[in-house]
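Undergrad: Below are the chains, spelled out letter by letter.
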Amino acid sequence: MTSGTPAGPPLWRQAFDAAEKRVTPHAESLVRTPGFATGVALVRRVQNLAKDTARGVSARAWHLVNLPAGTDVARLRAQVGALDREVRRLTVQLENERRRPRPADVPREEHDADGAQSPGGPRPRPARRGAQRPPRA
Amino acid sequence: MERNALRARNGIKLVAGVDRPGVGLTPKDVVWERGRTQLWHYRSDKVRYSPPLLIVFSLVSRSYILDLTPGNSFVEQLLDAGFDVYLVDWGEPDERDAQNRLEDYVDDYVPAAVERVRELSGADEVNLFGYCFGGDLSLLYAAHHPDAPLRSLTVLATPVDFTKMGPMADVFRGGLEVDDVVDEDGNVPPRVVVQGFKTLTPTAEVTRYVTLWERLWNDEYVSAYQAMTGWSDDHIPFPGAAARETVQMLVRDNAMVTDRLTVGGDPVHLSDIRLPFLTVRAERDHIVPPEATAPLIDLVGSEDKHELRLDAGHMGLVVGRTAARTTVPEIIGFLRKRSDEVGED
Chain A
1 MTSGTPAGPP LWRQAFDAAE KRVTPHAESL VRTPGFATGV ALVRRVQNLA KDTARGVSAR
61 AWHLVNLPAG TDVARLRAQV GALDREVRRL TVQLENERRR PRPADVPREE HDADGAQSPG
121 GPRPRPARRG AQRPPRA
Chain B
1 MERNALRARN GIKLVAGVDR PGVGLTPKDV VWERGRTQLW HYRSDKVRYS PPLLIVFSLV
61 SRSYILDLTP GNSFVEQLLD AGFDVYLVDW GEPDERDAQN RLEDYVDDYV PAAVERVREL
121 SGADEVNLFG YCFGGDLSLL YAAHHPDAPL RSLTVLATPV DFTKMGPMAD VFRGGLEVDD
181 VVDEDGNVPP RVVVQGFKTL TPTAEVTRYV TLWERLWNDE YVSAYQAMTG WSDDHIPFPG
241 AAARETVQML VRDNAMVTDR LTVGGDPVHL SDIRLPFLTV RAERDHIVPP EATAPLIDLV
301 GSEDKHELRL DAGHMGLVVG RTAARTTVPE IIGFLRKRSD EVGED
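Heads up: the sequence lines are chains A and B, in that order. Residue numbers are given in this note's numbering: position 30 of the first sequence equals residue 30, and the series is strictly consecutive. Residue numbers are given in this note's numbering: position 336 of the second sequence equals residue 336, and the series is strictly consecutive.
Please note that the accuracy of each hint is not assured.
[Claimed, not checked] Sample of chain B residues with no beta-carbon within 10 Å of chain A, all distances over it, derived: (1) 26; (2) 108; (3) 174; (4) 175; (5) 176; (6) 202; (7) 223; (8) 225; (9) 226; (10) 299; (11) 333.
[Claimed, not checked] Derived pair list, reagent style DSS-like, types lysine-lysine, alpha-carbon separation capped at 27 Å: (12) 21/A - 28/B; (13) 46/B - 13/B; (14) 198/B - 164/B; (15) 164/B - 28/B; (16) 51/A - 198/B; (17) 28/B - 337/B; (18) 21/A - 164/B.
In case anyone wonders, no lab produced these hints; they're calculated from the structure. Positions of the beta carbon are idealized from the N, C-alpha and C atoms, including for glycine.
Generate coordinates for the entire structure from the input sequences, incorporating the hints supplied.
TA: As structure tokens, then:
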């Protein structure tokens, strides 16, 4: 039972490795075929269709008794989310504005060009120090 | 018999989820936060280099992979090398983040983090470091803000050619829409992200369990398995609007390569990046294949640019022996050359 050489993997593992070596390339090429991508999209659409139909039925039932359905709550959550994002962006932009050099430190036209912005408008740039450094010698 | 007893003991521990190794343990402070996003500053009394290093993490996974376990931590090695390390962690997005677009990260959060780092450190500039999709955010930030106060930019496993990203990108070119996969909170749920990654190597899941069974007696292996698979199964939701933009701009238009990038409506060109630049790619990366990262070196406009190719997998770039022996020392070498010793005039 004793041997001078280290034991190799057990037989079952060798068998598994041999099978895996044969199967893996086929499985990997399968998931890279256009058919697989289309299949995934199709399955997902069917799942969503079934889910949406069920949701529609339950929403109508809740609305019949004048109660909000899950879809109404989801819509509200999305609206709160959008509002939260706007507030967050304004806060961050305000912070960045505050960290910028004061008007006396920057040329007049640059200061005027960077007034308060709405979150939907063009983004104000961060406080700047200078152009990106050229490579060091 | 003894191995079978150890297998039984470790198997029970795994199933019960007890005795998990602690992850992300390097001491740190939250120095800025907005929404779910936090800026962490790792504590260190060994800072020898300036400017500080700011790590921008990916949007779909947990940042503790960079600080996995004591002794196997990318962050720990950077601190030991004398860098002052900060990390932007995006937290766990919920319905309040569903409308977040890429410009939120590129034009608001990253600039705010950069400014906070400068404020705290007193440095004029920062060395920016992007990991995986965080590398894409860093590229967009550096390209959209050519006058940003950056000393250098390093990106790790950062995809630019999304036609080479494999099945996960192919399904979105094959007719799948982001709206087909978003959850009720408006975000792409973590299970979809995990499934997407698992599709890349369809047999890996089976091999993983077979190897686990074979080595279940080995405490060290089980501990590493728990930490690694814990991370790879533990993703975070991808904000819906950012996911739509990613799919349209980066996947379908392949805009990084075709130079059709826009951020907040502005055209953005990677060739505007003129900083000292390092891109690190892993030759055995199944998540971000090397072909997807390969064009990057030619797309940036820097004169001082370098590419490091390593014989490693995606996680092997930052975790394990290859990382400790090759990736991290190379990155440290690159950053040291672009840093000043503290106290040096």
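Undergrad: Which hint numbers doesn't this structure obey?
TA: Hint check: 2, 3, 4, 5, 6, 12, 13 and 15 fail, others pass.
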